[in-house]
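Number of protein chains: 2
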Amino acid sequence: MVAVKTPLMAIHFDPTNLSAAMVGDKHGLTQQEVADSQPAAFEALSGFKQSVEKDDYGFPHLPFKTKLIKEIKAYAKSVAGKYDTVCVVGIGGSALGAWALDCGLRGPHPVQKAFSTKNPRLVILDNVDPGFIHSALESMNPAKTLVVPIAKSGATAETMSVFLIVHDWLHAKLGGSKAAGRIAVVTSENTGELKEFAVKYKLVTFHIPKNVGGRFSVLTAVGLVPAALAGLDISAVCKGAAEMTRLCWLENLEENVALKSALLHWLIWTKKKKSIQVAFPYANRLWGAAFWFRQLWAESLGKVKKDKKRVFNVGQTPIAALGATDQHSQVQLYREGPNDKVYSFWAVGKWSESGKIPKAKTGYASFDYLAGQSLSKLIDVERLATAASLTLAQRPNCTFTLDKLDAWHLGALLQMFEFQTAFVGRMLEIDAFDQPGVELGKKFTFALMGREGYDEYKSEYEAYEARRAGVKL
Amino acid sequence: MVAVKTPLMAIHFDPTNLSAAMVGDKHGLTQQEVADSQPAAFEALSGFKQSVEKDDYGFPHLPFKTKLIKEIKAYAKSVAGKYDTVCVVGIGGSALGAWALDCGLRGPHPVQKAFSTKNPRLVILDNVDPGFIHSALESMNPAKTLVVPIAKSGATAETMSVFLIVHDWLHAKLGGSKAAGRIAVVTSENTGELKEFAVKYKLVTFHIPKNVGGRFSVLTAVGLVPAALAGLDISAVCKGAAEMTRLCWLENLEENVALKSALLHWLIWTKKKKSIQVAFPYANRLWGAAFWFRQLWAESLGKVKKDKKRVFNVGQTPIAALGATDQHSQVQLYREGPNDKVYSFWAVGKWSESGKIPKAKTGYASFDYLAGQSLSKLIDVERLATAASLTLAQRPNCTFTLDKLDAWHLGALLQMFEFQTAFVGRMLEIDAFDQPGVELGKKFTFALMGREGYDEYKSEYEAYEARRAGVKL
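Top line first, the protein sequences correspond to chains S and C. Going by the numbering used here, the final residue of the first sequence carries number 473, and the count climbs one at a time with no gaps. Going by the numbering used here, the final residue of the second sequence carries number 1473, and the count climbs one at a time with no gaps.
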């Protein structure tokens, strides 16, 4: 037999434990069920392809925007060495992509390497908690901080308020002209007052394409500017995403991981009533990506659906769990609680460190079987053991494996999930790209903060409070 | 009118939006339903009280263990100034309590204040990811690190393997006798080989009471030793928990927040079919407590229940969401997706910082309504707006408010949730204190790592793999 050397560059999908043969007909899929539904997968693929060709949705094109990638790298090069902190001011889709990349490539806080101008840290101000913002500012040196406000609408209350504070902090410490040189704005080209603000103050600005929403924007300037400033290899991220994009257009379920996993997840969700999906990475560096995925899946696929007959609520609740850690926190529920979940393990094929456990025996059985083995083996074994124990309790689960955890594979993984989500949206016959459900809360916030033009919502809120006043429980 | 000065020391519970009057009969509770179920609450209280009097469960006694608290403080004092990092090696209940306290009182990484021997950082090694452990060790100076391995069983595979690595790292850099002085073990008094190891190496050791399980152990040495070493005020934590304990034994639903919230959560879960509970703190510092709660609720209340008639799966899936951040990530699903959730907001009454937004107007409407206001107002408004928008979509929700976010209130909050969980366990007629569902996974792990005595599980795992080999999907 000829040994073929396979390059370590792929994402594999193992759906075996979604099968009825493993978890029973009530909770798993039969080959027949999958075969019967294949046309839905190919319809989703061709329908989505048509939308993309009409330019409705831009994310599939992003990995190929080499001009933008070059511009971002050139900007990062031009400021390199002048800062030790990149401070992103953004929330939701304007924050999670940068975090997924940074956590994925440099690891989660608090165990990143020491920060310096050669290895700047990334601080993401994605909340309006006053103590959080206060501590973050205290931890940064304005003379060594680059600020990146990110808002597609240019009007997000949380981002505007924190940016006003950070802008003032920079001005007070550096003066106006120096402060302006330390800000790079990411926003829409033709809408929103953040853009006007940037023009007025002559700030470096990168634009977000109109046809790319926040949760699909990791490969626009939204994710790439912070990543490049933090010194991450954005070219490799985009190359992995580009190769994945090629695979995602293939009309072949065995090669198109996004389409196959979309089909199986859609079936197990809708036919087997799994209302929760647990995204279960076994790698601390994928924790950011799991939170990024949690937004992608929830906002894209949680919708009020109206058809001719009725109005109803659609959605599968995503949960982020971390292996092996959450075996000691959630797996009791996962194995013995209601069988209402599907589990997606995210595995790393080849670890860059082995985590060698010392060879010396201690004389204690609870320790000595581990001696001379490695953490990389242990974490894989823990995942396999958990998958087996869930399967034997008839809990459907599947596994995505990245051959390595590097920029190329991370870019590929994120792009794969975006396609998967778009495909499931088509299968569900919903719009995966809007978010009408958050409007009312935003309007109440504007009204309660006294923004002009929201009197109607102020009255509605007051009527709600008046009703509350009469209620006793 | 006479102004009465109320001390800022309490946790308030507002159940209004759980009411049928606010969210409709299908999703909310009527006064009659609550009145009819009150006997179940008082039975749960008296039943649990009897168990505690028989010494079955120890957590209600913990805040009153002043001798232990003194011993821990004395130990922390004796080593003070000699280290800048406390390295906990523990997983699940051996990690989450310390994190809830540290995050709650000093804030989440990466925005804690600079670390030093006067303000030591807490690094929690709660996984076996080799890259995570490698980076963590690189970030620590062995001459300035105190290591705290925590395992009640003294045999947890993840903790033993990482401890072997950390122990070796200390020995290699400091030599045996110095290394021994830098370790404080937390384990059971009379069981487990970690205890024997500690005796052999003459290590400082603190014991975990037999009748306190991991997820209820934050006020044993498990949570208090790391907290005290990190310089947190463990006396204040225990005082808050002690006052809460007093309230939790009151046979009065209006004063006993734990009992009232247990009753309403049990009713809304079981009668209104809310299979998911979203723990939704509006404060970055409560993010650790939300993850701690997620274990408490999942492991305690996710169980196979057997009664005379049948065997079935019980459990409500807890989710941690962070306000206002997750409004831009999850609220689209929460408002428009399936009405299968109950939301528990966790609010802070009085913030220690206001987060003043600069007064100067920019000339842009999207910014200027915020000018001169504060983040502390904005984050409250965001929470109120979100609660209103969920209520108007008939999504039941309630709010816990801590008057302040300090050690006293944090101790009270954690103790309140432990009582609440114990009470709900009684109402469900399940054992809230065991975790049989994780045993099989542990045994598979031992078997696959080659530990002696697990051949039976090795065969079972191999049979499972053999079945998988024949399955195609």
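These are computed hints drawn from the structure, not numbers from a lab. Please note: incorrect hints may appear among the correct ones.
[Stated by the list, open to error] Keeping only pairs whose Cα atoms sit at most 25 Å apart, straight-line, the calculated DSS-like set for lysine-lysine is: (1) C:Lys1361 / S:Lys458; (2) C:Lys1361 / S:Lys195; (3) C:Lys1173 / S:Lys359; (4) S:Lys356 / C:Lys1458; (5) C:Lys1309 / S:Lys361; (6) S:Lys361 / S:Lys239; (7) S:Lys361 / C:Lys1173; (8) C:Lys1356 / S:Lys173; (9) S:Lys443 / C:Lys1361; (10) S:Lys361 / C:Lys1443; (11) C:Lys1359 / S:Lys195; (12) C:Lys1458 / S:Lys377; (13) C:Lys1356 / S:Lys144; (14) C:Lys1377 / S:Lys458; (15) S:Lys26 / C:Lys1306; (16) S:Lys361 / C:Lys1178; (17) S:Lys443 / C:Lys1359; (18) C:Lys1359 / S:Lys200; (19) C:Lys1200 / S:Lys356; (20) C:Lys1271 / S:Lys472; (21) C:Lys1306 / S:Lys309; (22) S:Lys202 / C:Lys1359; (23) C:Lys1202 / S:Lys359; (24) S:Lys54 / S:Lys82; (25) C:Lys1026 / S:Lys273; (26) S:Lys26 / C:Lys1377; (27) S:Lys200 / C:Lys1361; (28) C:Lys1273 / S:Lys306; (29) S:Lys377 / C:Lys1443; (30) S:Lys118 / S:Lys73; (31) C:Lys1026 / S:Lys305; (32) S:Lys356 / C:Lys1178; (33) S:Lys178 / C:Lys1273; (34) C:Lys1049 / S:Lys359.
[Said to hold, decoys possible] Ranges between beta-carbon positions, derived for each pair: (35) C:Lys1356 / S:Lys200: 20 to 28 Å; (36) C:Ala1365 / S:Glu71: 53 to 61 Å; (37) C:Ala1365 / S:Asp434: 22 to 30 Å; (38) C:Glu1429 / S:Met9: 36 to 44 Å; (39) S:Gly372 / C:Thr1191: 35 to 43 Å; (40) S:Gln50 / C:Lys1356: 31 to 39 Å.
All C-beta atoms in this analysis are idealised placements derived from N, C-alpha and C, irrespective of residue type, glycine included.
Point to revise | Hint numbers not upheld by this structure, sorted from lowest to highest | key: 5, 6, 21, 24, 26, 33, 34, 36, 38, 39, 40
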